[in-house]
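Asks: Residue numbers (the working numbering), protein chains in the order written: chain A, 1 to 292; chain B, 1001 to 1312.
Just to be clear, a hint being listed does not mean it is correct.
[To be verified] Label-pair distances were calculated between CB atoms; the ranges are:
id, chain 1, residue 1, chain 2, residue 2, range
1, B, Arg1204, A, Ile69, 48 to 58 angstroms
2, B, Thr1156, A, Leu258, 51 to 61 angstroms
3, A, Trp117, B, Ser1274, 19 to 29 angstroms
[As the list claims (entries may be wrong)] Per the computed footprint, the stretches of chain A lying under chain B, defined by three or more beta-carbons under 8 angstroms from a beta-carbon of chain B, are:
id, segment
4, 88-97
5, 110-118
6, 224-231
7, 256-270
8, 276-282
By construction, these hints were calculated from the structure, which means they are not laboratory data. Just so it is clear, CB atoms sit at the ideal spot from N, CA and C, and this is done for glycine as well.
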Amino acid sequence: MDYVLTVLLPQLLHGLVFGAALGLLALGLTVIFGLLGVMNFAHGELYMLGAYAGIAVIGVAHSFWVALIAAPILVGLVAAVTEMTTLRPIYRREPLYGLILTFGLALVFREGARQIWGGDMRRVLPPFTGSTPLLGMTYPNYRLFLLAASSLILFALWLFFTRTRAGVVVRAAVQDAEMLDGLGVDVRRVFTLTFAASGALAALAGLLLAPIFTVYPQMGVEMILLAFIVVILGGMGSMGGSVVAAFIIGVAQSLFSLWMNPQRVAIAIFGIMIVVLIVRPRGLFGREGVLE
Amino acid sequence: MSVLGWRALLVFALLAALPLVPGMSRYYLLLAFDALLFGAIAMSLDLLMGYTGLVSFGHAAFYGLGAYATAILMERGVQSVWACVGFAVVVVGLYALVVSYFATARRGIYFALLTLIFAEVVYTFFRYTQTFGGSDGIQGLPDATVLPGLVIDTPTRKYYLVLAYLLIAYAICRVVVASHFGRVLVAIRENEDRARFLGYNVPRYKMGACMISALLTGVGGAIYPMRSAFATPDLMLWTESGEFIISVMIGGLGTLVGPIIGGAFFTILRDKVSSIVDWYFIVIGGVLIVIVLFMPRGLLGLRRIFSRRAAA
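Make a model of the complete structure from these sequences and hints.
Replies: Printed below as a string of structure tokens:
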């Protein structure tokens, strides 16, 4: 019982906290994948830019909360401009080109960040400290806030996609952009706004996780692989699947690290993905015929 | 030799004369080594990307495994080029068999991501296994020998080693592309369902293409430590796979020659730009973006545009 309270339960919560933030990252990735048929290799760099933009805003405004609003907006703008200037011209080409293009964008963003902010690790102080007694243990307040905030945003996104016209339009674009175009919707604007929103979500995840992790130019490279795994595990193009898979991966990683050293954890996560793909080729919630 | 054609033979003859150029320094010969090696690997990848239509994000693992095969043997006193290359073929072959079996069952993005994840497993394994030097890899390897007494110790000899590898790899790729097997690969790229309806066992063909590409890449990896005297896990990083893909795209998909030029161009660009500025990744990323946007056929496509203008 002691083991459960002092070791297992905190680790499980750590996993949920991380999974929720990972969900924000993966959701944007899966929507963009649905729209463009391309895994956005620059998504991890938008996540990284979110953390750095947060640091920059904190430097000026001295407030984490202002940064939490401003950083996603700034990164969203960067994403919108990027989409209009580089991705828009290649929509009609094979997805391969989008893959290569976003790889190039990732290089530029990563190196750009290193030039502007330097290559060393940075820390962001949590806006509040202390911990709360919870289920017989104490748990850091900031992590609880992170879990609540991420879950709330995910819930809001679910409402957006199911209850608003704009959300339905985005889902329609994921399903069949050409048909949507035929129905008189300005698909290009939908694409740009969706790309911007997905960048803003990635930035939000980056800044929310910054007080727990460290901030450095390569931070996106490690996260993006995990986000890819989440998207595949959840089933390509399935938004709900991505969120569920994010929690599964978050908790699995957290629990595995109790019994294994980090490299075994990484291999175990890769192993889960490979097994899932062999047993259920379309992931947990993927449907037949989606983007195949 | 007829598979190569006289133009290719002429180019190889010119390349063979490169060390004879007066004032050819050690530095430029080794840069030429890197350029040709990178070009050969990009060409091997082109067999998969350009001809079969499968994008592998895991070629760095084949490359790195080949390099480790050489390094592991050399560390234990085996210096024969043949033994090292043979060992690399076995190791890379076994790994590629597993990867290609699972990855070729899927199409498009799944193939790319499966190869990527498998490669990450290999990377993680070598990165953290202290027997193989962990993150430092295996350093300080001796020179390799081709025959007793013939040691690959000078830059010129190293250069001829990679040139021989490029020549053989190019000949193999040309034979494959011109064969019935190669034409089925193109059919799969153009329309996989139709190829299957015609009765071809599509996964077997894809697996075959994957194996050839992986083995050629693995042999290239096996040669690398004979020049650098080390093998590190960074050779297997997925960004390395990305650089192979970049090289193929720069040169021109589905042309074999294009990716060789692309790989050489990429290597020289990286070397030159990085000696001038330290933000060379912005330049490389920028070049990549420009190529995707404005010259999707790559450098060889450029030639086609010019020849069309000349004809008009």
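Asks: Next, verify each hint and record whether it holds.
Replies: Cross-check of the supplied hints:
1. Arg1204(B) x Ile69(A): 48 to 58 angstroms: With Cβ atoms ~55 angstroms apart, the hint holds.
2. Thr1156(B) x Leu258(A): 51 to 61 angstroms: Check passed, 56 angstroms falls within 51 to 61 angstroms.
3. Trp117(A) x Ser1274(B): 19 to 29 angstroms: 20 angstroms, holds
4. 88-97: It holds, with 6 qualifying residues against the three required.
5. 110-118: Satisfied; 5 residues make the cut.
6. 224-231: Holds, because 3 residues of the segment 224-231 of chain A bring their Cβ atoms closer than 8 angstroms to Cβ atoms of chain B.
7. 256-270: Held - the segment 256-270 of chain A has 6 residues with a Cβ nearer than 8 angstroms to chain B, which meets the minimum of three.
8. 276-282: holds (count 3)
In summary, the structure agrees with every hint in the numbered list given earlier.
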